[in-house]
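Position chain Z against the provided structure of chain G, taking the given hints into account.
These protein sequence lines map, in sequence, to chains G and Z.
Going by numbering that gives the first Met the number 0, the residue at position 159 of the first sequence is 158; the numbering climbs one at a time, nothing skipped.
Going by numbering that gives the first Met the number 0, the residue at position 46 of the second sequence is 45; the numbering climbs one at a time, nothing skipped.
Keep in mind the hints are simulated off the structure, nothing from the lab.
Model, not experiment: these values are computed from the prediction.
Check each hint, because a few of them may be wrong.
In silico DMTMM-like pairs for lysine to aspartate or glutamate, Cα to Cα no more than 20 Å straight-line [claimed, not checked]: (1) Lys42/G x Glu95/Z; (2) Lys42/G x Glu29/Z; (3) Lys6/Z x Glu59/G; (4) Lys6/Z x Asp60/G; (5) Lys186/G x Asp90/G; (6) Lys52/Z x Asp203/G; (7) Lys42/G x Asp91/Z; (8) Lys42/G x Glu136/Z; (9) Lys52/G x Glu29/Z; (10) Lys6/Z x Glu63/G; (11) Lys52/G x Glu30/Z; (12) Lys6/Z x Asp212/G; (13) Lys6/Z x Glu71/G; (14) Lys105/G x Asp65/Z.
Pairwise CB distance ranges (calculated) [to be verified]: (15) Arg202/G x Thr23/Z: 40 to 46 Å; (16) Val145/G x Arg101/Z: 41 to 47 Å; (17) Glu71/G x Asp65/Z: 29 to 35 Å; (18) Gln121/Z x Asp84/G: 47 to 53 Å; (19) Asp94/Z x Thr15/G: 25 to 31 Å.
If you only want the chain Z side, here are some residues facing chain G, beta carbon under 10 Å, derived [to be verified]: (20) Lys6; (21) Thr24; (22) Ser55; (23) Gly69; (24) Ala78; (25) Ala98; (26) Gly100; (27) Asp125.
Cβ atoms here follow ideal geometry from the backbone N, Cα and C, with glycine treated the same way.
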Amino acid sequence: MATVALGSIRQQMIGTAPPRGLACDFPLGRPIGKPNDAEFQHKVLAHAFSMLKRTEPGVEDFPESIPDEGTEMLVCPLPPRHDPDAHPAVDEARGLRVAYDRAIEKYGNRVGAGRAISADDVPSAIESFIRISEGTPWKEAQIPGVPARVAQDIRGYYETAALAIVDHTPAAWAGLRWFRDATQTGKVIRAAQQAMKDADVRRDLWLFLLPMDSMQD
Amino acid sequence: MADQDIKRAVQDIECPVVEQPAFTTPPPLEEATVAIVTSASLHHPDQDDFAPKDTSYRVLDASRRDYLVGHWSPNFDTAGVAADLNVVFPLDRLDELAAQGRIGKVADQHLAFAGNQFDLAQIRMDGGPAGAAFLKEQGVDVVLLTPV
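Looking at chain G on its own, in the form it has when it is part of the complex (with noise of 0.2 Å):
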């Protein structure tokens, strides 16, 4: 069989020295460019296999590059609040729920909750990391699964109903920069993540609940 792999990290390609390798400047989890853009993912899938035509190994370079700034964030209105007895975040993402389906009945679920929590399930997640934050120790939370997978499932709850409500696709990132710095449950998740490292928690229990520049040194 022959291979052909695309890369988003250039140096990590040429290390890996593939039989042939097509470098994209895209942004990590947009392998092929421009979501719901069939035009643009055909030129990359078509500088792919002409590399098939090659008689040596190589890796080559896509000649468009997608840059991120590191800036944009997605505008999205948050719901206003419904119990005043609930947490702010609890709040806000139960106000998220018809979103939530209504994006899930349009695009599919492919990074909503269901790896370690339903949606059911978001706002009590939610609220173990509520405890988290407020000194409880991450043991004793009551998390319901491995820390991070349950952070991510919180997470693509988030952005997947953010799908729903901007109707359009956001920029890369700017749907992770809208949940981590403008939503209450963005800031119980970073608050949560502070509190366990100031805790001595090992790393890697706290260091992927975000993207990896979410946390201050």
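Same frame as chain G, but now just chain Z:
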């Protein structure tokens, strides 16, 4: 921090060196059977999720579009694949190429591995060869490898 910063932070991670890459010449693309092998930890909802150090693979049914992304690292944009599976796993694009006669056939089954690997010996000696053997049994000529 931007996407490029995350890439810079991981670009120097030591890579396994393959002494003799398997460079082969396939049949003409318009006669070839093409499969995708992705390291995005894709799986159908009724399959087991990937464990943190999983070196096995999942067989993906090309007639389905219900895929979960099981990659353990949070260091990738998730909104893109949430909105369009093809930005990671371009099955619709391959179907279009097959309909145009530009590739011979899209394989009925594709494979997913976990991109976050720790035990390279295990995947080089077991999961990887087993996946390749599976694809060869399906008559696959060309494999497109996609990350996440």
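Now the hints, each set against the structure:
1. For a cut-off of 20 Å, the pair hint linking Lys42/G to Glu95/Z stands: about 13 Å separates their Cα positions.
2. Restraint check for Lys42/G and Glu29/Z: the C-alpha separation of about 17 Å stays at or below 20 Å, so the hint holds.
3. Restraint check: the Cα-Cα separation between Lys6/Z and Glu59/G comes to about 18 Å, which is no more than 20 Å; the hinted pair holds.
4. Annotation: proposed proximity of Lys6/Z to Asp60/G holds, straight-line Cα distance about 16 Å (limit 20 Å).
5. For the given pair, Lys186/G sits about 14 Å from Asp90/G by alpha-carbon distance, which is consistent with the 20 Å threshold.
6. Between the alpha carbons of Lys52/Z and Asp203/G the distance comes to roughly 13 Å, so the proposed pair stays at or under 20 Å and holds.
7. Distance check on the hinted pair: Lys42/G and Asp91/Z sit about 14 Å apart at the alpha-carbon level, within 20 Å; holds.
8. Between Lys42/G and Glu136/Z the alpha-carbon distance is near 30 Å, which puts this suggested pair outside the 20 Å criterion.
9. Under the criterion of a C-alpha separation no larger than 20 Å, the hint pairing Lys52/G with Glu29/Z is consistent with the structure, at around 13 Å.
10. Taken as a hint, the Lys6/Z and Glu63/G pair is honoured in the structure, with Cα atoms around 17 Å apart against an allowance of 20 Å.
11. For the given pair, Lys52/G sits about 14 Å from Glu30/Z by alpha-carbon distance, which is consistent with the 20 Å threshold.
12. A threshold of 20 Å between alpha carbons decides the hint, and for Lys6/Z with Asp212/G the separation of about 11 Å falls inside it, so the pair holds.
13. Proximity of Lys6/Z to Glu71/G is assessed by CA-CA distance (about 18 Å); at most 20 Å being required, the pair is judged to hold.
14. The suggested pairing of Lys105/G with Asp65/Z holds, with an alpha-carbon distance near 12 Å, which does not exceed 20 Å.
15. Between Arg202/G and Thr23/Z the Cβ separation comes to about 42 Å, which falls inside the hinted range of 40 to 46 Å.
16. Look at Val145/G against Arg101/Z: about 43 Å separates their beta carbons, and that is inside 41 to 47 Å.
17. Range check, Glu71/G to Asp65/Z: about 30 Å between beta-carbon atoms, so the 29 to 35 Å window is met.
18. At roughly 50 Å, the beta carbons of Gln121/Z and Asp84/G sit within the given window of 47 to 53 Å.
19. Remark: the range hint 25 to 31 Å for Asp94/Z to Thr15/G is upheld by a beta-carbon distance near 29 Å.
20. Using the Cβ-Cβ criterion of 10 Å, the hint placing Lys6/Z at the interface with chain G is satisfied: the shortest such distance is roughly 5 Å.
21. Below 10 Å, beta-carbon pairs count as interface contacts, and Thr24/Z has one with chain G at about 7 Å; its hint therefore holds.
22. Interface hint at Ser55/Z: violated, since its Cβ lies 17 Å from the closest Cβ of chain G, which is beyond the 10 Å cut-off.
23. A hinted interface residue such as Gly69/Z counts as satisfied when its beta carbon comes closer than 10 Å to some beta carbon of chain G; here the least separation is about 6 Å, so the hint holds.
24. Taken as an interface hint, Ala78/Z checks out: its beta carbon lies about 4 Å from the nearest beta carbon of chain G, inside 10 Å.
25. The interface hint given for Ala98/Z is broken, as the beta carbon of that residue sits about 12 Å from the closest beta carbon of chain G, more than 10 Å.
26. A hinted interface residue such as Gly100/Z counts as satisfied when its beta carbon comes closer than 10 Å to some beta carbon of chain G; here the least separation is about 13 Å, so the hint is violated.
27. A hinted interface residue such as Asp125/Z counts as satisfied when its beta carbon comes closer than 10 Å to some beta carbon of chain G; here the least separation is about 18 Å, so the hint is violated.
Checked against the numbered hints given earlier, the structure breaks hints 8, 22, 25, 26 and 27 and satisfies all the rest.
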